[in-house]
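Peer 1: Each chain, letter by letter, is given below.
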Amino acid sequence: MTSLATLATAHLKGPHVDFAGLSPLIALLGGATIVLLVGLIRARWVRAHVVPALSLVVLGATAGLTIWQWNAQKSVVSGALRIDDLSLVLNLILVTGGALSVLLAWRSLAAREAAHGEFHALLLASIAGMSLLAAAQNTVALFVGLELLSIPLYVLCASELRREQSLESGLKYLIVGAVGSATLLYGLAMIYGATGATDFDVIAHALSGGSLASDPLTLTGIALCVVGLCFKASVAPFHQWTPDVYEGAPTPVTAFMAVATKVAAFGVFLRFFDVALIGAQSSWGPAIAVLATITILVGNVGALGQSSLKRMLAYSSVAQAGYMLAGVAVATQLGVRATVFYLAVYVFMNMASFAVIVARERETGLGDSIQAVAGLGRERPLLAWPMTISMLALAGIPATAGFTGKFYLIDAAVSGGYTWLGVAIVIGSMISLGYYLPVIAAIWMRKAPSEQPGVGQLPSPTGAPLGGGEGLPVLAGGSPELDEPSNGVQPEVVLVAAVAGVATLFFGIVPQPLFNLVHHAGSALGGLFF
Amino acid sequence: MSQTTYGWLVLAFPLAGTLTIAFARHHLPGRSAGWIGTGAIFLAFLAALGALLEMQSHAPEHRQMVSSLWNYASTVGVDAQMSILVDPLSVFMILVVSGVSTLIHLYSITYMNEDEGFKRYFAYLNFFVFSMLVLVLAGNFLLLIVGWAFVGAASYLLISFWYRRTTATRAGIKAFVINVIGDVGLVLGTYFIFKHTGTLDFLRAFHATTAGAFGHGSDDGDLVAGCMLLLVGAFAKSAQIPLHTWLPDAMEGPTPVSALIHAATMVTAGVYLIARMHPLFELAPAAEDVGAIGGAATLLIAGSIALVQTDIKRVIAYSTMSQIGYMIMGVSVGAYAAGLFHLMTHAFFKALLFMGAGSIIGAMAGEQSLEKMGGFRKVMPFTYGCFIVGGLALSGLPPFSGFFSKDEILLVTGERGGWHWALYVAGYIGAFLTAIYTFRMIFRAFHGEPVPEAVELKTGTLHHAHEPTNPATGEVEDTDVGFPGPFHTIAERAQPMRVAMSILALGAFGAGLVQIPKVDFVIDDFLAPSFVGSRLYQTHERSGLLIFGIVLGTVLGLAGIAVAYRVWVQRPGTATVVRERLRPLYELLVNKWYFDELNDALVVRPAAAVGRFAMGTFERVFVDETLIGGTTGLVRAGSAAVRAVQSGFVRYYAALLVLGLAGVGFYFLLQT
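Sequence order for the protein chains is A and B. Under numbering that gives the first Met the number 0, the first residue of the first sequence carries the number 0, and numbering increases by one thereafter. Under numbering that gives the first Met the number 0, the first residue of the second sequence carries the number 0, and numbering increases by one thereafter.
Among the hints, a few may not be true.
Stated by the list, open to error - The calculated SDA-like cross-link candidates involving lysine to any residue, where the alpha carbons are at most 25 angstroms apart (straight line), are: (1) B:Lys457 <-> B:Gly447; (2) A:Lys446 <-> B:Phe22; (3) B:Lys194 <-> A:Phe402.
I should point out that these hints are in silico values taken from the structure, not numbers from a laboratory. Predicted model, so just to flag it, every value in this text is computed and none were measured.
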C-alpha cells in the first residue's frame, strides 16, 4: 500500500534524454526508416539512385552530428552509452566505411535483388548497431549493439537471392554467429553474476577490489566474452566463418563487413576490456596476446596461395585483426591510439582493394579471381594504382599508411612489455608479402586475360544480365556481378578506389592529422597508463 | 615573400619540372623537354636570388629561418617535420647548385640533342637538382637523409643513363653501392645524435649539443662516433679515400652529368655536411682530425693518379677528388668560409673543364683517350680558350678564381699551427701536382701534331664514327635508345653550349675577386651568421703567412706548368723516358694506388669467399634444407592445415569454436 501511495504522490517526471549526444544514432536509425520508405516508391530511378543518394545524405548528416559533438565527455541513457572522443572517432571511421560501401553497392546486383530500399536500410541499421557498440558503456547496450549490427548483416550476406553461395554465406554466418552471440551473452551473464552489475564503471570498481578479479565465475565470464568478441573480430581460432562468408557474400557487402565490423568489434574490445575489465588485465592480457599471435600466423599462412582475391583478403583481414589485437592486449593509452589509428588506415586500405575487385567483377566476368586483375597496369592505371598501393599498405611498406600503422602497433606492443608480439607482427608481415606481392605482379607484369584465351569459360561480359546462379559458371567462387549492361562505366567505384588509394598514400606521407585524431581517442579512456 | 617562401619555391620548380617532363613526355614536341628542364632550374635560381635579397634585408643575427610545411610525425619523442632551414649557408649552396645547374641544362640541350633518351635525360637531371636542393635546404636530419638518398639514386640513374652499355651500368651499380654505404653511415650517425639530443631538427640539436647533451667536455665517445659516421656519409658522397673508387667510373655517364653531378654539386655534399654540422664537429676534434687527414690524403693521392691517366674525363675526375680533398680538409680544420669559397669557384672552373672536355669528345666522335688527341688548338679556339681559363683557375694562378680560394684554405690550415703544418705542406705539394696534370692534359689535347679528326675538322666537317663504339672497351654499339646518339656536337657550333661555357669562364676567371685577402671579405661576412658561436670561424684576420702563401702558390703553379710544357711540348719523348726509369712508381699510379685491388682484396674477395662458403655449405645444408625447407614446409603444412580445417561445414566450425572456447576457458580458470 505504501508503495502505491508513494507512486501516486511522486512528482511524475520523464527521464532526461540528451538528444544531442544521441543525435548521430538517431540520424542513422531515422535515416534507415526514411530510406526504407522511399524504397517503396515504384519508379525505378528512385529506387536505383535516390535511395543510395539518400543513404549518403544520412551518413553525411551522421558525420556532421558526430563532429558537432566533438570533445563531448558524457554518459547518456542512464550511463548505457558513453559519448567521448573514442566513440566519436570510431563513428567517423564507421561512417566513412559505410559511405564508401554505399558507393560500391550503388549499381550492384545485390542491392537490386534485395530491392534497394531494404538493402540500404539494413546497411544503415547495421552501422547504427556498430555505432551503438562503439559507445556501449554497459553490457546490455553492448549486446543490443552487437545484435543490431549482426542481424542486418546476416540478411545482407544473403541479399543476392538467386545465387547459391550468397545464400550459403548468409546462412553460415547466421548459424555460427548465433553460437558466437550465445557465447558472449553467457559470458556477460556470468560477469553480471559475479559483480552484480551491468555498468562498465561499476564492474571495473568491483574488480578493482581484489579477490573478485581471480574469482572462477568472473574469469569464466571473461573467457566467454573474449571468445564472443574474438568471433566478431574474426580472431583465430574463431575466424572460420570469415573466408567462407567473405567469399560468398556480394562484394560490396564483403567490403562493408571487412572494414566496418572490424571497427565496431575493436571499438567494443577497447572499451569493454580497457574500462570494465581493466582490473583483470593480468589475466586476459596474455591470453589476448597469445590469441593475437595465433591469429597473425593463421591468417597469413591461410592467405598464401588463395586464388580468390576475396578469400585472400578475408584471411588477410584475419591477420590484420591479429595485429590490432596487440593494441588491445597491452591495455595502455598508446595501445588504444595505435589500434584506432590502424582501424582508420585499415578502412582505406581495404576499401581500395575491394573497390577494384568490384570494378573488375563487373568488367571481366572472371569473378574475384586473381586473373581478373592481371594486366591491369597497362589497361586501367586508375584501378591498378589503388590496388597496388593497397597491397603495399597492407603489407606495411613505408610511405604508405599501413607502414605507419604497423609501426605504431609494434611500438605499442614493445613499450607495453610484449616485445615478442611485436616480433610476431613483423614475422607475419614478412609472410604476408607472399600473397600481396603476387597480386602486384599480376597487375603489372602479366598480360590481360583477354589476350590469353582458354583460361576458363569466359561468359560474355554483356550477356546474361540477370542470369542467376544456374547459367553462370562458378569462377573461383566469386560473385559474378554481371549486372549493368553499360560495361565499364562505373565512376563511383573508380572514385572509391582512387579516394581510398590516395588516402592510404596521403596518410603515409602526412600522418599527423590522424595522429591528432587518435590522440584524443586514447585519452578518452581514463584509468589507463601511458 | 619571406626568405623561406623563396626556399620552398626553390624546391617546387625543379620538382614541377621533373614531374612535367616525366608525365607529359609523350606530348612534348621536339626538344621542348630540354627547355622546360632548363627553365625550371632557372626559375629555381631566380627564387634562390630572391631568398638572398630577402635575407640581406634582415639583421645578421636574424638570418637563420626555419619553415615547416607540415609535421611529418610528431608523436612520442619524435619531431619529424617537413622543414627547411634557410640561412646564409643554405642560400649560398642553392645559389651555386641552381646557378651551375641552369648552365649545364642549357649546355645539355645541344649536347644531348641527338640522343634517343633526350626527355628521360632531362627528367632525371631535374630530379637530381631537386634532390640536391632538398639536401642543402633540409632543416632536419630526416629531410637531409631523404635528399642524401635521392641524390644517390639520381646519380645512379644518370651514370647508367646509357643503360645498354655494360660498363655504364656496372659503374652505376658501383656508385650506388658505395653511396649506400655512406647513407648507412649518415643514418647511424643521425641515430647517435638523435639519441642524445632528442630532436631531429638541426638548430635544436646543435643547441642541445652546445648546451651539453653529450657532456661538457669535448670528444665525448658517442659524439665522436656520431661524427665519424657522418664522415663516412660525407666521404662516400664526396669520393674521399677510401670510398672514392666510384667517382672515376662514374665518368661513364654523359659528359654534362659528369660536369654537374660529379664535379660541381653532388660530390660537394660532404663538404656542405661537415660545414653544416660544425657545432658537432667542433666538440669532437678527433673526428675533425680524421676528416682533415682524409682530405689531405685524398688531395695528394688523387693528384698523383691524375698525372698518368689517359682518359680525359678521368683526369678531370681525379682532379675533382683532389680539389674536394682541399675542401674537406678546409672545413675540417675550421676554414669553413674558405672551403665553401673553394666549393663555389671549383664548381665554375670544373664544370667549365668538363664542358670543354665534352666539346673535344664531340670532335673525336665519342673517343676520350688523350693518346688519340692532339692539335686541336687551331680548329677549336673557343674550347681551347675555355680550357686555358679553367686550367689556370684549377692550377691556382692569380688572378684566376682558384688561386684565391685554395690559398685561403691553406692559409687557415697553416695558421692552426702544430701538426697542421703537415696538411699545409701536403696542400702545396698537391698544388704543384695540379698544375702539372692540368697542363699535361691541355698540352696533349690541343698542342702537338693535329690528329686526323682535327684535320678533318679543319676542312669543315665534324668527324663522325661510322661504327659507334664504347670508348672504354671498343665494343661496337648502335645509336638507339640506351646508347649515345649518332651525332656529336662541339661548342664552336652550338650556341647554347657556347653561352653556358662563356658564363662559366667568366665565373672561373673572376669569382675569386669577391674575397681577396686584405681587400674584401664578401664570403666571410656573408656566411658568418651561419657560423655564429663557432670557435674556429674567424673573419678578416690574416697573418704573416699570407704573403708567403701567395708567392709560394704562384711559384708552384708556374713551376708545374713549366714542367708540363717541357715534358709534353718541348720534348715529347721525356714522358716515356721518365716512365721507364720510374717504372714501379708509374705502375702504382696507373693502377690508381691499387685502391680497387685493395678493396677487392680486403672487402670484395673475403666477402665473396664467405659468400661461396655460405652458398656451398651453409646455404645448401643449413638454410636450404633446414631453414627454408623447414620454414616453407612448415608454412606450407600450416597452409594445408588451415585449409583442411576450412571444410565448409558449419558443424566443424562450431566444433572448433567450442574447442577454442574450451582452450581459452581452461587458460582463464588456471588464473584463479
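Peer 1: Would you mind confirming whether the straight-line C-alpha gap from lysine 446 of chain A to phenylalanine 22 of chain B stays at or under 25 angstroms?
Peer 2: holds, 23 angstroms
Peer 1: Sort out whether phenylalanine 402 of chain A lies within 25 angstroms of lysine 194 of chain B, counting only the CA atoms.
Peer 2: holds, 23 angstroms
Peer 1: Is the hinted pair lysine 457 of chain B and glycine 447 of chain B satisfied, with a Cα-Cα distance of at most 25 angstroms?
Peer 2: Status holds; Cα separation ~15 angstroms.
In summary, the structure agrees with every hint in the numbered list given earlier.
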